[in-house]
Amino acid sequence: MQRRVLFDNKLLPYLLLAPQVAVTLVFFIWPAAQAVWQSVHLQDAFGLRSEFVWFENFERILTDPNYLDTLRITVVFSVAVTVLSMGTALLLAVLADSKIKGAGAYKTLLIWPYALAPAVAAVLWMFIFNPDIGLLGRGLNAMGIPWDYRLNGGQALTMVVLAASWKQVSYNFIFFLAGLQAIPRSVIEAASIDGAGPARRFWTITFPLLSPTTFFLLVVDLVYAFCETFGTIHALTHGGPGKATETLIFRVYLDGVVNNDLGGSSAQSVILMVIVIALTAIQFRFVERKVHYA
Amino acid sequence: MLTRRTLGLSTAAFVLASGLAGSALAQQKTTIEFWHGLPQPLGGQLEQIVQDFNASQDKVQVNPSFKGSYPETMQAAIAAFRAGNAPHIVQMFEVGTATMMAAGPAIKPVYQLMAETGAGLDPAAYIPAVRGYYSSRDGKMMALPFNSSTSIMFYNKDAFQKAGLDPEKAPATWPEMIEAMKKLKASGVSCAFTTSWPTWIQLEQLGSLHDTPFASKSNGFGGLDAELKINAPLFVKHLDTLVQLQKDGLFKYGGRDNKADALFPSGECAIAHASSGLRSRISKEAKFNWGAAPLPYWPEFAKDGPKNGIIGGAAFWVMTSPKRTPAEYKAVSEFFSYLARPQVDAKWHMDTGYVPVTLQGFQQAQASGFYDKNPGADVPAKQLTRTPTTENSMGLRLGNLPEIRNIIQEEMEKAFQGEQTARQALDNSVKRGNTVLRNFERANKG
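Residue numbers (the working numbering), protein chains in the order written: chain A, 2 to 295; chain B, 33 to 478.
No lab work stands behind these hints: they were computed from the structure.
Ideal placement from N, C-alpha and C gives every residue a C-beta, glycine not left out.
Any given hint could be a false lead.
Coverage of chain A stretches by chain B, computed from C-beta distances (three or more under 8 Å per stretch; other residues unrestricted) [claimed, not checked]:
| # | stretch |
| --- | --- |
| 1 | 45–53 |
| 2 | 100–108 |
| 3 | 209–220 |
| 4 | 248–262 |
Excised from the complex, chain A in its bound form:
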């Protein structure tokens, strides 16, 4: 039997909830409803003429071979960013959690990149990778390795994956570190006494006990890769060369803001919303079963 809190005043709970409800309505439900409304209309740029077209916008998007290519790139990009940022963060967290000199300094430095705006981070990456002005870009070309992300799609994708992952490593690092510190020392010490080596201790004790953190980060990182990497891509490659680094969210921006195709852009953003909701639901339904809450 759950304990229930009783309010004398019938109005008070609603009043306390009201700000949150208002924020959700104004900043999420209303724009989302607008997107759904616009996704079934065809409009000119200035909003002077509007025509109800049923699901034509969706049909147009889903039969566009370029859209399916973009979907494929998004999957590759998101999986790469998630795996790379979580893997690196876990490795760094384990190292920073061990008994080393100056651990505090390492921890502070590793958290820094999170404070950087994506556009600023992207400019820094450009100073590294640009074939004409970037340190590494020039170095690679000087060594005879042809590096030009403006024409080589694979190189461009590698670069945006690196930049987007780097940005997320800090966030993952904080959570992994907190998760590691919450694991009782006694369990690990007991395993040591039983003769388990560091690798065995990590895989049989630390990693399973970290699973709630890992699961949470998996959901957050996938949503990040799908929806929040716009700034990085916009500043670095603009989706090019060709369409090599164009993800779903970047195409929503291109079609809606640059190309003035509000119907098509809204249809895409509805599709994107469905994909992200589905992904999150699948994770909670199937992946969460393997999660071990302490």
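We have chain A already, so just place chain B on it with the hints.
This is chain B only, laid out in the frame that chain A set:
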């Protein structure tokens, strides 16, 4: 979720806030909001002209504000219009022309504004290639031309000398270009040739110079049902040549839009095709002798020699809003009359490298001895006016042209990567571009 409405709201809030601040300062004067898309140093030079106008009389106060790049300025203006807060004047790049013309009640055509306020505007005062771009089908001026540019060739005279080429004679045709590139490379130049604005210069200008249609219906001037024609032999031959030159290490692709601008002043590339507006930057940064020349042409596709080039740059559009008063329109027309003066035009041209848009402005610059002191500065104006405009060299009037440009750039990049041939790139561009045109036609009919 990213929607236009949220952008519109924030823009509206910003306009409201800045409007309140401004009204306290200028109570007696009519205040005009003017949004532009020119970054520094050009933006500062433009705002100086506005200040000169404000100082020249005491009835009108024009407030210039920088709204980001041209596409961003366009977006801001559209979002503000949707929120009922459009600026009085917006600077719109030339490829946004068809979109603005189709906007109907959102804009007030300049010929109508000038007739209503009795200010008058003589279309014949403007250079034909400029006038044509901004005129309706029946020859009425829809926008006020201001900062027009065209694309020309810049070349490094020192590098030419070193390669055994005549530094006073730039290659006039593409076969000569290719010969020059080979010699430049043989003399140790790492990048013989690059181009800014790949679509505008290598396809749009190409069509105009060779009197070949970029699209049907007189490049879209004849109606919204135009179709792209850029898979014609001229364009295929040209792009194929560029792809081949790139493979041979003679041509360097420097990126979309104006990304390649830096490669010439830095001395890396010996020949560059770029906007005439790049002139001021080259003068400041280049540490070598350089020259300017008209764009080269293909003799086999231009039997009577090359035609005039088309313009780039931007023009000023008057936007409507539910709360506009006749006094505000009158104030806008006074500002426009000031901008149309030949001395303002000539000064802007000489300060920036944009072309003079009026014939008198050009003559004033000539009379002032500017071209004697700056050899080659008259190349853009000469290239624009060397022949009477034909239906293929008047400009482009295609809906959503910015989107079509991006499509073409994507397809070109795939060809430069070796993923497809020049022919395939242009066929795909036509197919995808026509879809854009059909959608625009549908959204803007009736």
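Hints versus structure:
no.	hint	result
1	45–53	holds (count 7)
2	100–108	violated (count 0)
3	209–220	violated (count 0)
4	248–262	holds (count 10)
Of the numbered hints stated above, those contradicted by the structure are hints 2, 3, listed in ascending order.
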